[in-house]
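Asker: These protein sequence lines are chains V and F, in that order.
Numbering of the first sequence is given in our numbering, commencing with residue 2 and proceeding in unit increments.
Numbering of the second sequence is given in our numbering, commencing with residue 187 and proceeding in unit increments.
Worth double-checking, as some hints may not be accurate.
As the list claims (entries may be wrong) - Derived SDA-like pairs (lysine to any residue); straight-line CA-CA distance at most 20 Å:
(1) V:LYS11 - F:PRO199
(2) F:LYS244 - V:GLY13
(3) V:LYS67 - V:ARG269
(4) V:LYS11 - F:LEU314
(5) V:LYS182 - F:ALA316
(6) V:LYS182 - F:ARG243
(7) F:LYS244 - V:ALA18
(8) V:LYS182 - F:VAL281
(9) F:LYS244 - F:ASP354
(10) V:LYS11 - F:PRO202
(11) V:LYS11 - F:GLY317
(12) V:LYS182 - F:GLY317
(13) F:LYS244 - V:ARG269
(14) V:LYS11 - F:LEU344
(15) V:LYS67 - F:PRO199
(16) F:LYS244 - V:LYS67
(17) V:LYS182 - V:LYS67
(18) V:LYS182 - F:PRO202
Claimed, not checked - Per the computed footprint, the stretches of chain V lying under chain F, defined by three or more beta-carbons under 8 Å from a beta-carbon of chain F, are:
(19) 15 to 24
(20) 29 to 41
(21) 70 to 80
None of these hints come from the bench; they were simulated from the model.
Heads up, the beta-carbon is just placed ideally off N, CA and C, and yes, glycines get one too.
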Amino acid sequence: MEYQPPQFFKRGPAPLARLTFFGLLSVLLMVLDARFQYAEPLRHALTLAIYPLQQVATAPVIAFNKVSDFFSSQARLQRENAELRAQQLLTAQSLQVLESLEQENERLRRLLDARSTIPSQTVFAEIVYAGRDPFSRKVIIDRGSQHGIELGQPVVDDQGVLGQVTRVLPLLAEVTLVTDKNLSVPVQVLRNGLRGIAYGSGDGHTMELRYMPANADVQVGDQLVTSGLDGVYPRGVPVATVTHVERDATMSFAKIRLRPAAGTNQHRQVLVVQHREDIPRLAETEAQPEDDRARGAKRARSRGRGR
Amino acid sequence: MKRQQQPQRILRPANPFFIAFSLLGALAFNLLPWPDLRLVPDLLALTLTFWCIHQPRKVGVGIAWVLGLAMDAANGALIGQHALAYACLAFGAHVIHRRVLLFGVWPQAVHVFVLLLLSQLIMLAVRLIAGGTFPGWLTLVGIGISALLWPFITDLLLAPQRAPDDIDETRPI
Numbered sequence: 002m003e004y005q006p007p008q009f010f011k012r013g014p015a016p017l018a019r020l021t022f023f024g025l026l027s028v029l030l031m032v033l034d035a036r037f038q039y040a041e042p043l044r045h046a047l048t049l050a051i052y053p054l055q056q057v058a059t060a061p062v063i064a065f066n067k068v069s070d071f072f073s074s075q076a077r078l079q080r081e082n083a084e085l086r087a088q089q090l091l092t093a094q095s096l097q098v099l100e101s102l103e104q105e106n107e108r109l110r111r112l113l114d115a116r117s118t119i120p121s122q123t124v125f126a127e128i129v130y131a132g133r134d135p136f137s138r139k140v141i142i143d144r145g146s147q148h149g150i151e152l153g154q155p156v157v158d159d160q161g162v163l164g165q166v167t168r169v170l171p172l173l174a175e176v177t178l179v180t181d182k183n184l185s186v187p188v189q190v191l192r193n194g195l196r197g198i199a200y201g202s203g204d205g206h207t208m209e210l211r212y213m214p215a216n217a218d219v220q221v222g223d224q225l226v227t228s229g230l231d232g233v234y235p236r237g238v239p240v241a242t243v244t245h246v247e248r249d250a251t252m253s254f255a256k257i258r259l260r261p262a263a264g265t266n267q268h269r270q271v272l273v274v275q276h277r278e279d280i281p282r283l284a285e286t287e288a289q290p291e292d293d294r295a296r297g298a299k300r301a302r303s304r305g306r307g308r
Numbered sequence: 187m188k189r190q191q192q193p194q195r196i197l198r199p200a201n202p203f204f205i206a207f208s209l210l211g212a213l214a215f216n217l218l219p220w221p222d223l224r225l226v227p228d229l230l231a232l233t234l235t236f237w238c239i240h241q242p243r244k245v246g247v248g249i250a251w252v253l254g255l256a257m258d259a260a261n262g263a264l265i266g267q268h269a270l271a272y273a274c275l276a277f278g279a280h281v282i283h284r285r286v287l288l289f290g291v292w293p294q295a296v297h298v299f300v301l302l303l304l305s306q307l308i309m310l311a312v313r314l315i316a317g318g319t320f321p322g323w324l325t326l327v328g329i330g331i332s333a334l335l336w337p338f339i340t341d342l343l344l345a346p347q348r349a350p351d352d353i354d355e356t357r358p359i
């Protein structure tokens, strides 16, 4: 036993004892959070507690953006206006084609007695800040369960799929980006309708198309869109472009790298799509064979659509 | 090694409100919307280290742990990840707080770099166990920038404790 002189000043427990206590407490919390998801109430309480601080912190940035918008030069506005006009001309033409196609599609669907696709509602949101955690790709948006955001809703920007809502708080929501290692998106090659699943690679700016056979018909420059088979993402939203295909005879799968279509690192305004498609669950499908047939028909439709 | 030649100045007692204000300010800085987070210094960790070294009886492991929890909640990280790292950081700062103040500010910055590196390694280990990916060596740059900021943080946070240089001519000593 080590001799300890009497203490002159009251200091409470020794730092090592405190470290042990708080270390064990944090390990306990981490296990509860990672394995059992029991720490969510604590997370909600903490997020609400620091919400005012967050608002204070982001207020100068928002104010700066607003002021710089106000003082943007006339030349820049004119240039932007001209660009938008040109873009509008281009899109107006394709919109006309799209409208006629949509009508035709609707007619054909009615002929097939299929349910028509429901136009999805969208909620406009702004990215408050990106998560500081370097291990995952997440952003926090300024709409939460108070604004009708629900868990699992897809988030898009003007160019494509940005990610998915993975945590909903009362006033904020957390969006996991498509480049996150743990997010996967069911996709389809626009050129030939080939289906696959795109995974984030975790390095922040690329994705991978995994489990495609080595002889799969995927080429550099192919556009990938959502297949809509999961019922989470609406069908036909751009996801990524193929940038690199590597076929190795010793591997059973091709190595395909993708560049996300959405600006995963630059945008501030996003849309949360409140898209709900009733996909029969697996157990129900086994019980009701007609549901299975309907799903098979839908799969055939979506396969045929790309051709 | 050359010891610090400047005379030690007698400091006023630290104001607890100023300590709280600086810690909350650093937390707010960390909550700003940054484009690339790995290059941005973790100002909260730095401020926490500063107070743990300069005021070990006021700021310690417990406060560090609570602030770590706030960081976890704000970033959507694993709850307890920053808390564990900050608690270990505060403990490390407490262990060296008597010795490190004998050095000048730049050797102090080297000590602080090692402390921040250790806390970052703890966080890395936790995340790799929980199934994350390696974030890349750029995080080391962020820690290096934090350590380079140490002298400025020292000047800034010690400023309220420094007595004004009013020389009293009538005072006998």
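Asker: Are the hints correct? Go through all of them and say.
Answerer: Checked hints:
| no. | hint | result |
| --- | --- | --- |
| 1 | V:LYS11 - F:PRO199 | 18 Å, holds |
| 2 | F:LYS244 - V:GLY13 | 12 Å, holds |
| 3 | V:LYS67 - V:ARG269 | 13 Å, holds |
| 4 | V:LYS11 - F:LEU314 | 40 Å, violated |
| 5 | V:LYS182 - F:ALA316 | 13 Å, holds |
| 6 | V:LYS182 - F:ARG243 | 42 Å, violated |
| 7 | F:LYS244 - V:ALA18 | 17 Å, holds |
| 8 | V:LYS182 - F:VAL281 | 38 Å, violated |
| 9 | F:LYS244 - F:ASP354 | 32 Å, violated |
| 10 | V:LYS11 - F:PRO202 | 18 Å, holds |
| 11 | V:LYS11 - F:GLY317 | 43 Å, violated |
| 12 | V:LYS182 - F:GLY317 | 10 Å, holds |
| 13 | F:LYS244 - V:ARG269 | 40 Å, violated |
| 14 | V:LYS11 - F:LEU344 | 25 Å, violated |
| 15 | V:LYS67 - F:PRO199 | 42 Å, violated |
| 16 | F:LYS244 - V:LYS67 | 41 Å, violated |
| 17 | V:LYS182 - V:LYS67 | 34 Å, violated |
| 18 | V:LYS182 - F:PRO202 | 43 Å, violated |
| 19 | 15 to 24 | holds (count 6) |
| 20 | 29 to 41 | holds (count 7) |
| 21 | 70 to 80 | violated (count 0) |
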